[in-house]
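There are 2 protein chains.
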Amino acid sequence: MTSPICLRPIGVVEVGLPRSDKVDRFSFVSVIKIFDEYVEGLRGLEEYSHAFIVWLFHEAKAARLTLRPWGREDLPEVGIFATRFPNRPNPLALTIVKIVEVDPPRLRVMGLDAWSGSPVLDIKPYDHLDVVNEFKTPDWFEEFFKETRGELPHWLGPRR
Amino acid sequence: MTSPICLRPIGVVEVGLPRSDKVDRFSFVSVIKIFDEYVEGLRGLEEYSHAFIVWLFHEAKAARLTLRPWGREDLPEVGIFATRFPNRPNPLALTIVKIVEVDPPRLRVMGLDAWSGSPVLDIKPYDHLDVVNEFKTPDWFEEFFKETRGELPHWLGPRR
Chain X
1 MTSPICLRPI GVVEVGLPRS DKVDRFSFVS VIKIFDEYVE GLRGLEEYSH AFIVWLFHEA
61 KAARLTLRPW GREDLPEVGI FATRFPNRPN PLALTIVKIV EVDPPRLRVM GLDAWSGSPV
121 LDIKPYDHLD VVNEFKTPDW FEEFFKETRG ELPHWLGPRR
Chain R
1 MTSPICLRPI GVVEVGLPRS DKVDRFSFVS VIKIFDEYVE GLRGLEEYSH AFIVWLFHEA
61 KAARLTLRPW GREDLPEVGI FATRFPNRPN PLALTIVKIV EVDPPRLRVM GLDAWSGSPV
121 LDIKPYDHLD VVNEFKTPDW FEEFFKETRG ELPHWLGPRR
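Quick note, the sequences are listed as chains X and R, same order. The numbering of the first sequence is my numbering, which starts it at 1 and goes up by one. The numbering of the second sequence is my numbering, which starts it at 1 and goes up by one.
In isolation and in its complexed conformation, chain X is listed as follows (with noise of 0.2 Å):
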């Protein structure tokens, strides 16, 4: 049960984000290369208008099981399961981007928080079993949401 699990990345982010918090994740557009043997695994994803992306974090540190987030004194130590930081047992993440055009090996994906050449391993469409609709975050997670992000981006659909 604990051996280890050995994955091969089936692509790569060619254009990611810019390492500059002057560019809006949300609005950038970044571009993933399926390498050539998986590329047949895209058809159809064009019918699709959302997707998860699963990414490595490549460049994480060691992994730690608790944190306080952003390094925030006032905020409070957590495990690093009740986040969605990098520095995890398994340096996997986990984002949901609008796909903006599936060009064979290309796909060009808004709303991805991925740097250039970071490993992706797998691309799965989203659908109704992905909605919650009514559900709960801790309040550090609300305040420091609220006081950060601001609007949401319009490609996530109305909120309820």
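No wet-lab data here; the hints were simulated from the structure. A hint or two may mislead.
Because identical chains cannot be distinguished in the list, a pair is counted as satisfied if it fits within a single copy or across any two copies.
[To be verified] Calculated pairs, SDA-like style, for lysine to any residue (alpha carbon to alpha carbon, straight line, at most 20 Å):
id, residue 1, residue 2
1, K146, V23
2, K61, N87
3, K33, F144
4, K136, P158
5, K33, I5
6, K33, D74
7, K33, T66
8, K136, S49
9, K136, L156
10, K136, L152
11, K136, R159
12, K136, E47
13, K146, V39
14, K61, V132
15, K136, E101
16, K61, S116
17, K146, L129
18, K136, M110
19, K136, E46
It should be emphasised that the depicted structure is a prediction, and the values quoted were computed from it without experimental measurement.
Please arrange chain R on chain X, whose structure you already have, making use of the hints.
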């Protein structure tokens, strides 16, 4: 870029869905056991109502790049990345669950479609950026979904 990426399970599905269609996946409570060395990472997860479970389709057959969904001849052949089927290049599974109880080292959740023994790779809390209220899926998906699914589980919240 194509060198293998090796991960280790952080836990295992101790009580998963029975291998029978007679159980309602959406009201069944699954038990995930987190391995001792990662238990501290659960701290604060109980303040969220929903989470993503990233697990492994450990019994998935050889990967395919295209398939007819559910093996149905009346549905179009589509790429594996346009489906959530198990026989993917990287057999990663992703399910949104309702958190029923965080009782370290165990986590009880509703909605997990994993069998007992499935390795768990990561847990990520569900938040505002994961909700897409206006999205599109292909006609073949919509028809099959309506035909087979009926009501969505109440714990996903009301639909728009």
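Quick rundown of the hints versus the structure:
1. In the homo-oligomer, the alpha carbons of K146 and V23 lie at most 20 Å apart inside one protomer (19 Å), although the nearest pairing across protomers, at 40 Å, exceeds that limit.
2. In this assembly of identical chains, the alpha carbons of K61 and N87 lie at most 20 Å apart only when taken from the same copy (6 Å versus 31 Å across copies).
3. Taking CA atoms no more than 20 Å apart as the test, K33 paired with F144 passes in neither setting, with 34 Å inside one copy and 31 Å between copies.
4. Proximity of K136 and P158 under a CA criterion of 20 Å is satisfied in both settings, with 18 Å inside one chain copy and 14 Å between copies.
5. Taking identical chains as interchangeable, the C-alpha atoms of K33 and I5 lie at most 20 Å apart only when they sit on different chains, with a minimum of 18 Å there against 24 Å within one chain.
6. For a Cα distance limit of 20 Å, the shortest separation of K33 from D74 qualifies neither inside one copy, at 40 Å, nor across copies, at 31 Å.
7. Taking the shortest Cα distances, K33 and T66 sit within 20 Å of each other only across copies (19 Å), while inside one copy they are farther apart (34 Å).
8. With identical chains, the CA atoms of K136 and S49 are at most 20 Å apart between copies only, with a shortest distance of 5 Å across copies and 26 Å within one.
9. For a Cα distance limit of 20 Å, the shortest separation of K136 from L156 qualifies both inside one copy, at 18 Å, and across copies, at 12 Å.
10. In the homo-oligomer, the alpha carbons of K136 and L152 lie at most 20 Å apart both inside one protomer (17 Å) and across protomers (19 Å), since each shortest distance falls under that limit.
11. For the homomeric pair K136 and R159, the shortest alpha-carbon distances inside one copy (14 Å) and between copies (17 Å) are both at most 20 Å.
12. Proximity of K136 to E47 under the C-alpha cut-off of 20 Å is restricted to the inter-copy arrangement: shortest distance 7 Å between copies versus 31 Å within a copy.
13. In this assembly of identical chains, K146 and V39 lie within 20 Å of each other by CA distance neither inside one copy nor across copies; the values are 39 Å within and 30 Å between.
14. For a Cα distance limit of 20 Å, the shortest separation of K61 from V132 qualifies neither inside one copy, at 31 Å, nor across copies, at 31 Å.
15. Taking the shortest alpha-carbon separations for K136 and E101, only the inter-copy value of 14 Å comes in at or below 20 Å, while the best intra-copy value is 33 Å.
16. Taking the shortest alpha-carbon separations for K61 and S116, only the intra-copy value of 17 Å comes in at or below 20 Å, while the best inter-copy value is 32 Å.
17. For a Cα distance limit of 20 Å, the shortest separation of K146 from L129 across copies, 12 Å, qualifies, whereas the shortest one inside one copy, 26 Å, does not.
18. In the homo-oligomer, the alpha carbons of K136 and M110 lie at most 20 Å apart only across protomers (15 Å), although the nearest pairing inside one protomer, at 26 Å, exceeds that limit.
19. In this assembly of identical chains, the alpha carbons of K136 and E46 lie at most 20 Å apart only when taken from different copies (10 Å versus 32 Å within one copy).
In this structure, the earlier hints numbered 3, 6, 13 and 14 are contradicted, and the remaining ones agree with it.
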